[in-house]
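So for the sequence shown, this note's numbering puts the first residue at 1; every next one is plus one.
Careful: at least some of the hints might be erroneous.
Stated by the list, open to error - Beta-carbon label-pair distances, calculated as ranges:
#1 R64 <-> E127: 35 to 45 Å
#2 G328 <-> A71: 42 to 52 Å
#3 T413 <-> R336: 41 to 51 Å
These aren't lab readings, by the way, just hints derived from the structure by calculation. Built from N, CA and C at the ideal position, the CB exists for glycine as well.
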Amino acid sequence: MVTTNPVPRFPAGFLWGVSTSAHQIEGSAEAREPSVWDVFTDRPGRVRDGSTAAVACDHCRRYREDVALLAGLGVDAYRFSVSWPRVNSPGGLDFYDRLTDELCAAGVRPVPTLFHWDLPLGLDWRERDTAARFAAYAARVADRLGDRISTWITLNEPAEHTLLGHALGVHAPGERLLFDALPVVHHQLLAHGLAVRALRAAGATGIGIANSHGPTWPASDDPADREAAGFYDVLLNRMFADPLLLGRYPDGIGELMPGDVAADLAVIAEPLDFYGVNYYAPTRVGAPAGEHQFGAELPFSVRRIEGRPVTDSGWPVVPEALTELLTGFRARYGDRLPPVLITENGCAYDGLDDQARIAYLDGHLRALHEALAAGVDVRGYFVWSLLDNFEWAEGYTRRFGLVHVDFTTQRRTPKASYGWFRDVLRAQGESEAQA
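All chains should be built: construct the whole structure from the sequences, respecting the hints.
Now the structure itself:
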């Protein structure tokens, strides 16, 4: 239930926004090169409802309508992703030129993410050359849009892209490499570092990454459960944060990576202007439980967090774990942690009167404020997502949007959560004006 107390006041200049990604909303698949996701969704049984993102939210044709929704919401910024396959196609950058101009005219800061899982077909993150190709692509986008962009994100969630797409095969490109997927980790991180250098060479500032993180809770105090939870924390949290912030992999990981790891880490650890955190839920982890989770034999098992409500995705709602995550990061990384942006936070619920989503966002904003009060330098918060969209392997069965999309008619209908968030932003602006 949502408290009747207003959301606490955040600092002046705090950046409020919403997020989307190209493959999930753009449609117009015929006007771009194919990506690994196009091939994946064409395979029977890979997507829950058998759908594809060929049309999705038809955003490429309806972007002006969507920017009007952003303006009506009152956000400061819009985090979208640039489709590498679209940029590779004739006229592909023209779309992002128009979108950027439309956002600027509406007073909304464009925040592009350069890679959100839609790798061009024919490229492979197992290959080192893909990192160099990504840097060249980043430079090309910066050359075209850089005069209007003040905030850049290189990669979105390399942990999930590695685990789900390359280790377990439940996302594109559908590879089941298990621990042989480690080169995918290293080459994505290297791509990030090379892109930071390419962006800065093009005159860009305000550069960061969007990594997914969440606290890992041992299933019990049993040493086997604690060991399994520690291993999971390394795989999903530290393996992606330590190289960026400390310039090294966790113990035992670096020697498993390909190439001249020491030289690559100097590139990977290029200083960041901010560190993006995507947060959804903590994970409770124990020793292997005998069954094969995700169709694979793993040295841990993910357990249910009892006594918590869950979203339509089955994810537990634990707002205070966001405070725990951020204060834990501040304790672990100290002055090596740059200012933080919450680049994604949201939930899947059906219905236009989405009171459960309002309660979720309200609770997480209060938890975020607690982290600020504890001394974590958080500069912004982005809701996932503006629109209901193509939710990867879940197809159109999960609705994360503040705006409902009828995928037959493409009609947009703001939900109750859209009005609630609009009112929160207005109140924040009024408080700032009175300060």
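Hints and how they fare:
no.: 1; hint: R64 <-> E127: 35 to 45 Å; in the structure: 39 Å, holds
no.: 2; hint: G328 <-> A71: 42 to 52 Å; in the structure: 37 Å, violated
no.: 3; hint: T413 <-> R336: 41 to 51 Å; in the structure: 44 Å, holds
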